[in-house]
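As they're listed, the protein sequences go chains A and B.
Add 5 to a position in the first sequence, counting from 1, and you land on the number used in the working numbering.
Add 5 to a position in the second sequence, counting from 1, and you land on the number used in the working numbering.
Some clues are possibly wrong.
Copies of one chain are not kept apart here, so a pair can be met inside one copy or by any two copies together.
[Claimed, not checked] Calculated pairs, DSS-like style, for lysine-lysine (alpha carbon to alpha carbon, straight line, at most 27 angstroms): (1) 57 / 152; (2) 265 / 30; (3) 350 / 67; (4) 234 / 265; (5) 7 / 337; (6) 391 / 26; (7) 36 / 152; (8) 26 / 36; (9) 30 / 159; (10) 36 / 397; (11) 8 / 337; (12) 337 / 152; (13) 36 / 190; (14) 46 / 159; (15) 7 / 131; (16) 159 / 36; (17) 337 / 131; (18) 346 / 36; (19) 397 / 230; (20) 46 / 376; (21) 66 / 78.
It is worth saying that the hints were derived from the structure and are not from the lab.
For clarity, every value in this text was computed on a predicted model and none was experimentally measured.
2 protein chains.
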Amino acid sequence: MKKNINIGLLGLGTVGSGVFKILNKRKGALKRLVEADLAIKKVAIKDMRELKDRNLVKIDKKLVTTNAMEIIKDPDIDIIVEVIGGREPARGFIKEAIKTGKHVVTANKEVLANFGEELFGLADSKGVDLYFEASVGGGIPIIAPLKRGLVANKISQVKGIVNGTTNYVLTRMYEDGCSFKTALKEAQREGFAERDASQDVEGNDAAAKIAILASIAFNARVTAKDVYKEGIGRVLPQDIIYADEMGYVIKLLALAREDKDGLDVRVHPAMIPLEHPLAGVDGVYNAIFVEGDSVGEVMFFGKGAGSLPAASAVVSDIVEVARNIQYERCGKIGCTCFEEKPVKKMDDIITSYYVLIQAADKSGVLAKISKAFGDAGVSLASVIQKRTWKDKAELVFETHPVKEHNLREAQKRIVKLDVVDSILNIIRVET
Amino acid sequence: MKKNINIGLLGLGTVGSGVFKILNKRKGALKRLVEADLAIKKVAIKDMRELKDRNLVKIDKKLVTTNAMEIIKDPDIDIIVEVIGGREPARGFIKEAIKTGKHVVTANKEVLANFGEELFGLADSKGVDLYFEASVGGGIPIIAPLKRGLVANKISQVKGIVNGTTNYVLTRMYEDGCSFKTALKEAQREGFAERDASQDVEGNDAAAKIAILASIAFNARVTAKDVYKEGIGRVLPQDIIYADEMGYVIKLLALAREDKDGLDVRVHPAMIPLEHPLAGVDGVYNAIFVEGDSVGEVMFFGKGAGSLPAASAVVSDIVEVARNIQYERCGKIGCTCFEEKPVKKMDDIITSYYVLIQAADKSGVLAKISKAFGDAGVSLASVIQKRTWKDKAELVFETHPVKEHNLREAQKRIVKLDVVDSILNIIRVET
Numbered sequence: 006m007k008k009n010i011n012i013g014l015l016g017l018g019t020v021g022s023g024v025f026k027i028l029n030k031r032k033g034a035l036k037r038l039v040e041a042d043l044a045i046k047k048v049a050i051k052d053m054r055e056l057k058d059r060n061l062v063k064i065d066k067k068l069v070t071t072n073a074m075e076i077i078k079d080p081d082i083d084i085i086v087e088v089i090g091g092r093e094p095a096r097g098f099i100k101e102a103i104k105t106g107k108h109v110v111t112a113n114k115e116v117l118a119n120f121g122e123e124l125f126g127l128a129d130s131k132g133v134d135l136y137f138e139a140s141v142g143g144g145i146p147i148i149a150p151l152k153r154g155l156v157a158n159k160i161s162q163v164k165g166i167v168n169g170t171t172n173y174v175l176t177r178m179y180e181d182g183c184s185f186k187t188a189l190k191e192a193q194r195e196g197f198a199e200r201d202a203s204q205d206v207e208g209n210d211a212a213a214k215i216a217i218l219a220s221i222a223f224n225a226r227v228t229a230k231d232v233y234k235e236g237i238g239r240v241l242p243q244d245i246i247y248a249d250e251m252g253y254v255i256k257l258l259a260l261a262r263e264d265k266d267g268l269d270v271r272v273h274p275a276m277i278p279l280e281h282p283l284a285g286v287d288g289v290y291n292a293i294f295v296e297g298d299s300v301g302e303v304m305f306f307g308k309g310a311g312s313l314p315a316a317s318a319v320v321s322d323i324v325e326v327a328r329n330i331q332y333e334r335c336g337k338i339g340c341t342c343f344e345e346k347p348v349k350k351m352d353d354i355i356t357s358y359y360v361l362i363q364a365a366d367k368s369g370v371l372a373k374i375s376k377a378f379g380d381a382g383v384s385l386a387s388v389i390q391k392r393t394w395k396d397k398a399e400l401v402f403e404t405h406p407v408k409e410h411n412l413r414e415a416q417k418r419i420v421k422l423d424v425v426d427s428i429l430n431i432i433r434v435e436t
Numbered sequence: 006m007k008k009n010i011n012i013g014l015l016g017l018g019t020v021g022s023g024v025f026k027i028l029n030k031r032k033g034a035l036k037r038l039v040e041a042d043l044a045i046k047k048v049a050i051k052d053m054r055e056l057k058d059r060n061l062v063k064i065d066k067k068l069v070t071t072n073a074m075e076i077i078k079d080p081d082i083d084i085i086v087e088v089i090g091g092r093e094p095a096r097g098f099i100k101e102a103i104k105t106g107k108h109v110v111t112a113n114k115e116v117l118a119n120f121g122e123e124l125f126g127l128a129d130s131k132g133v134d135l136y137f138e139a140s141v142g143g144g145i146p147i148i149a150p151l152k153r154g155l156v157a158n159k160i161s162q163v164k165g166i167v168n169g170t171t172n173y174v175l176t177r178m179y180e181d182g183c184s185f186k187t188a189l190k191e192a193q194r195e196g197f198a199e200r201d202a203s204q205d206v207e208g209n210d211a212a213a214k215i216a217i218l219a220s221i222a223f224n225a226r227v228t229a230k231d232v233y234k235e236g237i238g239r240v241l242p243q244d245i246i247y248a249d250e251m252g253y254v255i256k257l258l259a260l261a262r263e264d265k266d267g268l269d270v271r272v273h274p275a276m277i278p279l280e281h282p283l284a285g286v287d288g289v290y291n292a293i294f295v296e297g298d299s300v301g302e303v304m305f306f307g308k309g310a311g312s313l314p315a316a317s318a319v320v321s322d323i324v325e326v327a328r329n330i331q332y333e334r335c336g337k338i339g340c341t342c343f344e345e346k347p348v349k350k351m352d353d354i355i356t357s358y359y360v361l362i363q364a365a366d367k368s369g370v371l372a373k374i375s376k377a378f379g380d381a382g383v384s385l386a387s388v389i390q391k392r393t394w395k396d397k398a399e400l401v402f403e404t405h406p407v408k409e410h411n412l413r414e415a416q417k418r419i420v421k422l423d424v425v426d427s428i429l430n431i432i433r434v435e436t
């Protein structure tokens with residue numbers, strides 16, 4: 006058994022500084038668990054000037070270097086914690102660390118969702134641990150529960166609200182009745198959205214996360230590029246109002262399902278029933294809902310981002326890896342993507358749809374649009390018609406579950422109708 | 006590495022038959038994970054006639070014995086799964102199994118909450134695993150997330166809805182406006198409550214569960230007898246209506262908190278704010294809400310009981326133990342009750358209270374009761390007064406947070422007032 010387990014920290018930003026703080030604050034408690042001191046031996050940052058800019062942590066300058074490879078190659082370091090984020094240089098550092106025989110803990114969803122196969126394969130071949138609890142859901146324990154706690158189950162679906170920024174924006178739109186742009190600006194002012202919020206708003210962040218969750222849930226590699234995505238930029242204030250009238254709330258949903266035809270993995274705004282456990286997940290909170298054949302429905306809820314929540318997950322991984330080191334059990338629970346499974350084309354997915362149409366407010370309009378749906382094989386579940394101004398009306402349709410292909414066919418027919426001005430929005434309804 | 010890991014199953018009731026089913030159904034998937042066949046080698050039941058009574062599972066009679074000790078002593082068996090429930094003979098079997106060097110997986114909250122110290126001590130000394138994910142929250146992964154996933158945190162509180170029967174009864178009372186007795190009868194008719202539902206209704210089941218959670222969360226042994234408890238039998242239909250008016254819902258809350266004066270561990274009906282994540286947990290669902298210094302608030306939600314949900318948790322433990330056997334790491338993550346911490350007396354706990362009083366409907370009543378509260382050092386947050394019939398009124402008080410001692414003092418003073426008929430109910434308010 007080791008007396009010291011040495012950590013090399015790559016990155017001292019939001020998550021890195023949180024890890025630094027927790028390892029100091031909880032030193033005694035963690036030592037009790039791993040029977041060794043968990044010490045950060047070296048920290049790599051990009052530029053020494055970063056230290057001046059931030060009051061995040063008080064750190065001994067002698068610990069800090071701008072040469073990450075020096076840390077990776079240091080034979081005294083047992084665990085490399087990568088909290089730089091983004092693709093490069095993070096991916097290269099993780100790869101080098103594994104090659105050098107280091108265990109790696111990372112919060113990097115982007116690297117894992119794009120290069121998971123390469124990195125997990127390398128880790129398995131080198132017999133080292135590659136842990137990533139913080140990559141999805143911030144501090145919420147979800148990776149280990151899915152990988153271990155629910156192992157008795159054949160998982161049929163995982164769906165979640167996994168991006169706090171977009172959830173905050175949609176919650177503001179719901180509560181204040183404001184537009185997407187106004188809500189986003191407020192989120193940026195409040196610090197809940199980055200200045201360039203495109204990764205969040207366009208669904209890239211959520212897509213990487215659902216790729217990771219799907220890979221575990223279905224024992225098959227799903228990469229970020231396999232995930233269909235739509236952002237929240239097109240959600241209109243009236244969509245939110247109509248959703249409410251119909252008993253739904255709009256969330257940016259990350260969803261992964263398996264059926265006999267393959268995997269259905271996507272991120273897009275979706276209407277979910279107000280009584281669904283995910284519907285009440287507001288603001289910066291995240292939740293991941295899992296359905297298994299034995300356990301039924303389970304949900305994991307908490308803060309999906311932030312320095313200390315994410316660091317909480319990183320430190321739990323550090324403790325797991327440290328225990329593995331102590332008991333010589335590293336590299337045992339590796340990649341579980343045993344199978345290859347096809348990801349369905351969007352044309353083949355089946356769901357219900359909300360379709361908001363602006364049309365002339367005159368007799369026969371509803372009949373024409375309904376016929377266009379019917380001719381495309383789309384059956385309607387409900388319709389609301391409202392006069393908006395002068396001779397215009399908004400028509401809100403909810404379809405029964407149907408193949409996306411048929412919906413797109415109906416869309417083509419509807420836009421050609423002379424009574425129709427435009428289809429203002431189409432949002433999938435996930436019950 | 007073993008090719009076969011043999012399981013001895015003690016009990017073939019609700020949970021046992023679920024374990025049997027899952028191990029058969031998921032044989033291939035589980036083998037892939039543990040690199041060995043997980044086989045039930047023997048099953049102990051109380052009486053062979055049980056086999057005729059039930060259509061639960063198709064089982065080869067040659068596997069079945071009424072002699073549990075035969076299984077426990079069988080040198081070919083690696084893991085004993087105890088799903089008999091109740092104190093004896095379960096406790097004795099677990100003890101013997103550990104003494105014989107067997108690893109044990111149990112769903113038995115009662116044994117763990119009462120004899121945990123003895124059993125975990127024995128397991129640690131013998132270097133065997135004693136796993137118990139199914140003892141709290143049915144299929145919801147909560148033990149491992151609390152023990153491992155949230156290890157970076159100093160936990161300040163754990164509170165949950167951990168008994169499905171009482172939650173179903175309270176949900177019925179809320180939705181149907183019926184009395185406790187009527188709701189309980191319906192729960193029994195629907196199969197959500199046992200014929201003798203006293204263990205659930207009086208809070209014993211929840212008390213055992215919160216004792217287990219508190220022991221892990223605070224690294225200090227809490228036993229079932231340390232837990233203050235009140236059942237739901239005294240909750241009145243009008244309590245539920247007033248709660249709703251005040252923005253609360255009544256749940257049987259199992260709660261464990263730590264502050265500088267010690268632990269506060271209790272089970273009782275409580276009003277919780279409608280916007281709290283626990284408030285929406287209805288029917289037979291369970292949820293456990295945890296607050297940690299780094300992670301903030303997290304919640305775990307799912308079905309708290311039932312054959313397959315509970316068996317899902319048991320099987321996840323079997324897989325963990327089997328992996329430990331394969332990698333020779335058994336007995337490593339044992340008891341984490343490193344400290345001794347005092348459990349507070351109820352007189353010393355601090356919370357808010359709802360107090361429902363029946364009094365004469367005449368002037369000066371409110372002033373007299375308010376003065377009695379004030380004289381006992383209890384400050385009032387709100388009051389509702391309603392005429393009920395003829396010259397009677399119901400007065401609903403909500404206090405600010407105060408020591409329970411002061412509330413009891415106020416209670417004594419109020420019942421002595423000539424204008425007061427009786428205090429109909431007192432319910433703690435947990436925000």
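Legend entry - Copy assignment of residue 337 with residue 131, given that the CA separation must stay at most 27 angstroms: both (11 angstroms within a copy, 24 angstroms between copies)
Inset, instruction - Tell me, please, which holds for residue 7 and residue 131 at an alpha-carbon limit of 27 angstroms: within, between, both or neither? - result: For residue 7 and residue 131, the Cα distance is within 27 angstroms both inside one copy (21 angstroms) and across copies (23 angstroms).
Inset, instruction - Classify it for me, residue 234 with residue 265: is the Cα-Cα distance of at most 27 angstroms met within a copy, between copies, both or neither? - result: For residue 234 and residue 265, only the intra-copy Cα distance (22 angstroms) is at most 27 angstroms; the inter-copy one is 49 angstroms.
Legend entry - Intra/inter-copy verdict for residue 391 and residue 26 if alpha-carbon distance must be at most 27 angstroms: Neither. Shortest intra-copy (56 angstroms) and inter-copy (54 angstroms) distances fail the 27 angstroms Cα cut-off.
Inset, instruction - Pop the pair residue 265 and residue 30 into one bin, within, between, both or neither, using alpha-carbon distances up to 27 angstroms. - result: For residue 265 and residue 30, the Cα distance is within 27 angstroms only across copies (17 angstroms; inside one copy 49 angstroms).
Legend entry - residue 36 and residue 152: within-copy, between-copy, both or neither at 27 angstroms Cα: both (26 angstroms within a copy, 15 angstroms between copies)
Legend entry - Identical-chain pair category, residue 30 with residue 159, by Cα at 27 angstroms: Intra 40 angstroms, inter 10 angstroms, cutoff 27 angstroms: inter-copy only.
Legend entry - Homomeric proximity label, residue 7 with residue 337: Cα distance no greater than 27 angstroms: For residue 7 and residue 337, both the intra-copy (19 angstroms) and inter-copy (15 angstroms) Cα distances are at most 27 angstroms.
Inset, instruction - Up to 27 angstroms between alpha-carbons, please classify residue 397 paired with residue 230: within, between, both or neither. - result: neither (41 angstroms within a copy, 70 angstroms between copies)
Legend entry - Same-copy or cross-copy closeness of residue 57 to residue 152 [CA-CA at most 27 angstroms]: neither (41 angstroms within a copy, 38 angstroms between copies)
Legend entry - Within, between, both or neither: residue 8, residue 337 at alpha-carbon 27 angstroms: both (22 angstroms within a copy, 17 angstroms between copies)
Inset, instruction - Evaluate residue 36 and residue 190 at a C-alpha cut-off of 27 angstroms and name the case that applies: within, between, both or neither. - result: Intra 44 angstroms, inter 52 angstroms, cutoff 27 angstroms: neither.
Comparing the model with each earlier hint shows violations of hints 1, 3, 6, 10, 13, 19 and 20; every other hint is respected.
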